[in-house]
Amino acid sequence: NRSCSAKLVAMSQFLKIRKNFNKNTFPFVLFFGFSIIYYFGSFSKVPFGDCMGFITDIEKGEFIISTSVYAHFLFSNSLIFIKKIFPFFDSIEIGRWFTIFFGVCSVSILYKIIYTINKNNWISFFGSIIFGLSFTFWRNAEIVEIYTFNVFFIALFILYSVKYFQEKKDKFLLLSSFILGISLWNHIQNILLIPGFLFLLYHSKNWNLIVKSISIFTILFLSLFIIPFFKEESFLIVFKAVSNHNINFKNFPKDILKSIFYLIFNFWHFTIFGIFGIFYLLKKHLELALFLLINAIPVYGFATLFSVSDNYVFFLPASFIF
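So for the sequence shown, my numbering puts the first residue at 378; every next one is plus one.
Worth flagging that the hints you see were computed from the coordinates, not collected in a lab. Be careful, since some hints might not be right.
Straight-line C-alpha distance at most 35 Å; calculated DSBU-like pairs for lysine-lysine [as the list claims (entries may be wrong)]:
| hint | residue 1 | residue 2 |
| --- | --- | --- |
| 1 | Lys-548 | Lys-589 |
| 2 | Lys-631 | Lys-589 |
| 3 | Lys-461 | Lys-489 |
So the derived label-pair ranges between C-beta atoms look like this [what the hints assert, rightly or not]:
| hint | residue 1 | residue 2 | range |
| --- | --- | --- | --- |
| 4 | Phe-466 | Gln-543 | 38 to 44 Å |
| 5 | Ile-652 | Ile-591 | 33 to 39 Å |
| 6 | Phe-606 | His-646 | 28 to 34 Å |
| 7 | Glu-470 | Phe-638 | 45 to 51 Å |
| 8 | Asn-628 | Phe-408 | 37 to 43 Å |
| 9 | Trp-584 | Gly-418 | 21 to 27 Å |
| 10 | Trp-584 | Phe-616 | 45 to 51 Å |
| 11 | Ile-633 | Phe-512 | 16 to 22 Å |
| 12 | Asn-628 | Leu-599 | 33 to 39 Å |
| 13 | Phe-466 | Phe-503 | 46 to 52 Å |
| 14 | Phe-466 | Val-685 | 29 to 35 Å |
| 15 | Phe-606 | Ile-655 | 39 to 45 Å |
| 16 | Gln-543 | Phe-616 | 43 to 49 Å |
| 17 | Ile-652 | Phe-606 | 32 to 38 Å |
If you're wondering where the values come from, they're calculated on a predicted model, not measured in any experiment. Glycine included, each C-beta is placed from N, C-alpha and C at the ideal position.
Generate coordinates for the entire structure from the input sequences, incorporating the hints supplied.
Set out below in structure tokens:
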């Protein structure tokens, strides 16, 4: 009996170690693999106007003291900060590696999210690969752009929110509040995730925790207006984009078709599996499914209606959730 018990204990420990090994190995493989893919596919020169602007800011070396829509305070200043620490690094390489790093981090975090939901290594692994190779994300991971960095924050917000649904630990809700709040300093579009955040708070019965979470988010959100206040600028600068492109409801049918095209172009036949996945989650994990949908739908709707020439980048948060 002692021999059998010892063997069972040993087997249990072996299976536990193997499970943890697989759980930690797959994200590493994703990180390493996509680092290679994105680097060798990335541009050696700055390809687009916005990218040129970011590289110019790095070269100037002057911190961006603005929280306007176009300033992208967190992204721009992070690049400038790295340049100041490592002045001998080429500005283009700083921008390239920064974008790649947070792109591959996002893919690895997606693995963690899917694994948290279904506890299946291979499903989590291939689901992450499908997103990592989707055109919009892949393209933006290979240029000096803000969107993969922004997806990184959304990935963390979703991860900690999913963990809160699963484990009901206070720290995960507090982390979700902090991540969403700080993400607004990177891209104001993330304000569209507030309905999902409120839904998350609704499912917490701990009023003390709810107050703490709201306070964390509110402080970070209101702090966006400190710089406009001292510079005597309009607070609308935080939200309002100066653009000739307005939302036009007359083009709504055309924009809907375009948004569906973007979805299919990114995921091809895997779009069908994604749709089945939505219904599966609604059946098996209703609260979690509603949380994800409430986060994705406002982003998808805004990106659909805001029909500028490159509006496909605005679908990225919804694509990540999908």
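### Query
Okay, which hints does this one fail, numbers in order?
Hints 2, 6, 7, 9, 10, 13, 16 and 17 are the ones this structure does not satisfy, whereas the remaining hints hold.
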